[in-house]
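Sequence lines, in order, name chains Z and Y.
Residue numbering for the first sequence follows the numbering used here, beginning at 1 and increasing consecutively.
Residue numbering for the second sequence follows the numbering used here, beginning at 1 and increasing consecutively.
Hints listed in this document are in silico derivations from the structure and should not be mistaken for laboratory results.
It should be emphasised that the depicted structure is a prediction, and the values quoted were computed from it without experimental measurement.
It is possible that some hints are incorrect.
With a straight-line cut-off of 20 Å between C-alpha atoms, the simulated PhoX-like cross-links for lysine-lysine are [what the hints assert, rightly or not]: (1) Z:202 to Z:159; (2) Z:202 to Z:189; (3) Y:318 to Y:293; (4) Y:227 to Y:262; (5) Z:244 to Z:226; (6) Z:244 to Z:192; (7) Y:202 to Z:58; (8) Z:85 to Y:235; (9) Y:192 to Z:85.
Take a look, some chain Y residues computed to stay more than 10 Å from chain Z by CB distance [stated by the list, open to error]: (10) 61; (11) 111; (12) 155; (13) 175; (14) 196; (15) 237; (16) 266; (17) 292; (18) 311; (19) 315.
Positions of the beta carbon are idealized from the N, C-alpha and C atoms, including for glycine.
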Amino acid sequence: MKTVFKRTDMLVDIPQHYCPGCTHGIAHRLVAESLEELGVGGKAVGVAPVGCAVFAYKYFNCDMHEAAHGRAPAVATGIKRSLPKNIVFTYQGDGDLASIGAAEIVHAAARNENITVIFINNAIYGMTGGQMAPTTLPNQVTTTSPYGRDVAHCGMPIKVSEMLATLDGPYYIERVALNNVKNIKNAKKAVKKAFQSQLENKGFSLIELVSTCPTNWGMTPIEALKWVDDNMIPYYPLGVFKDKGAE
Amino acid sequence: MTKQLMKGNEAIAEAAIQADCRHFFGYPITPQNQIPEYMSKRMPKVGGCFLQAESEIAAINMVYGAAGAGVRVMTSSSSPGIALKQEGISYIAGARLPAVIVNIVRGGPGLGGIQPAQSDYFQSTRGGGHGDYRTLVLAPSSVQEAVELTQEAFDLADIYRMPVMVLGDGMLGQMMEPVEFGTYKRREVPTKEWASTGTDDKREPNIINSLYIDPDDLEKENLDMLKTYDEITEKETRSETTNVDNCEILIVAYGTTARIVKNVIKMGEKNGVKIGLVRPITLWPFPSEEVAKYASQESTKIVVSVELSTGQMVDDVKIAVNGVKPVGFYGRTGGVVPLPEEIYENVVELAGGTK
């Protein structure tokens, strides 16, 4: 019999804690498959965030660090500067990366730190129960913006990929989405390319994965996937924001 | 080896390099800037990495990453900057990682000042960050001792897998003294099988982590750490005594203050007042037994804690003395350094005046 599909060995075969319909599982798989296909699992050192992916260190089948909230890019910097031949990545959500860890991500990008950042943007704090994130859309209802995000009161969402692309430092920044097969295939290409560029010592890469949070959005998984098309992608357009390799 | 004249801060930085520290992450703050400056000059020459972080917070998290990757790593800062690092220090303690943190203390609270102080005693010895943990705190009182203790700090960190703090003050950091390297005899340290360096497809993943979601697991980890802290208290508590036998006034002072107190002892000798000194070298663990021993002797009328603060170490002195003798305090704070005469007059006054 011919094997046409197999679970990647770079994910530990244990149940994950993510909610049904959440796209973290897909994101994990894309990262794990990329590491496996590039043959760098044994060289990989990952950094898990604080947020829904806080237990990611149990799921990736490689050496891992658990970082304090927002500090993953600094932790990854410490690792990469100690182990320059290893493949170092962070996996961070929008609260972790774009709010409390805003300084760390900006400076890691500015230094063109040779790490790969997997950035999950689902416009909400998932783990703590659905509070407003720096990427929460205008008028979006969350548990701390119960009347909808009032931009006059708390400002506009942060477009991380666009913002970091204004820096001269970073090598590769792309935003992709995980809400349909076509987008997931593109996401896979972007994630793998990011790791490939690190392998070639090109420097900082960040892939923003527009993701869902059916539980805290108060939707079914299918509604959530559609909400990405109708609301997220219009605000967070997909595409390459920086690619020094293509310049 | 010949002696060379060096500033305390630079000597501490060179000592770290001599101890095979090849990674330094820091952020500018007075009065410790000569440490990162020296590192930025020296590290590239020895194949090491100096990186100026975007903040103290980033710097300590870089330390966390590098320590988890199994290298010898150090950061330095001064009081407000150390306060910012405390979350990271707590994570380093929780993840059982070896790292060296230098605090060249300045006056506080808040932005405080930039002159020498010892007002970070609480911050240093009470854990500093959140949670049930300790940091080993070494308090040199000369540039030579700062060199040796910095070197030993790396060994202690590796042996006990924990953050070790070298606590100086602006005076120690800024003054120049002759120093000799190579006087410290290295201790045996364990290998770092736990380090997260990539599995190389040869072992199960190593995970650097301080998260234990099950309270039973966390309690077990806390108790395991306590066992280490008890072992350190038993084996590593260190102090120096001067003129303590049959003294009337027993002073407890550390770092810069202890040096000034040595002049106070001489003034006492001239005036027929026998003053002794216990100088804690480890602030945590605190040399309670030494303090208790000389407090208990019949001749000792009073034990006085002398500090550059409004009274922080005095709490530990009281715990050590445990009521067997009165405990007094004298200190100047905010960056003011007292003259020996001033300390002498005040401790004699506390002891009930001269005979």
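Consistency of the hints with the structure:
1. Z:202 to Z:159: violated, 24 Å
2. Z:202 to Z:189: Roughly 17 Å separates the two Cα atoms, so the pair holds.
3. Y:318 to Y:293: holds, 13 Å
4. Y:227 to Y:262: Not OK: residue 227 (chain Y) and residue 262 (chain Y) at ~36 Å, beyond 20 Å, violated.
5. Z:244 to Z:226: violated, 33 Å
6. Z:244 to Z:192: Answer holds: residue 244 (chain Z) to residue 192 (chain Z) is near 16 Å, not above 20 Å.
7. Y:202 to Z:58: holds, 18 Å
8. Z:85 to Y:235: violated, 39 Å
9. Y:192 to Z:85: Holds - the C-alpha atoms of residue 85 (chain Z) and residue 192 (chain Y) are around 19 Å apart, at most 20 Å.
10. 61: Not fine: 4 Å to the nearest Cβ puts residue 61 (chain Y) too close to chain Z.
11. 111: holds, 20 Å
12. 155: About 19 Å separates residue 155 (chain Y) from the closest Cβ of chain Z, which puts it past 10 Å; holds.
13. 175: Fine: 32 Å to the nearest Cβ keeps residue 175 (chain Y) off the interface.
14. 196: violated, 4 Å
15. 237: Label holds. Min Cβ-Cβ 31 Å, cutoff 10 Å.
16. 266: holds, 48 Å
17. 292: holds, 39 Å
18. 311: Given a closest Cβ separation of 33 Å, the condition holds.
19. 315: About 30 Å separates residue 315 (chain Y) from the closest Cβ of chain Z, which puts it past 10 Å; holds.
Violation of the numbered hints given earlier is confined to hints 1, 4, 5, 8, 10 and 14; the remaining hints are satisfied by the structure.
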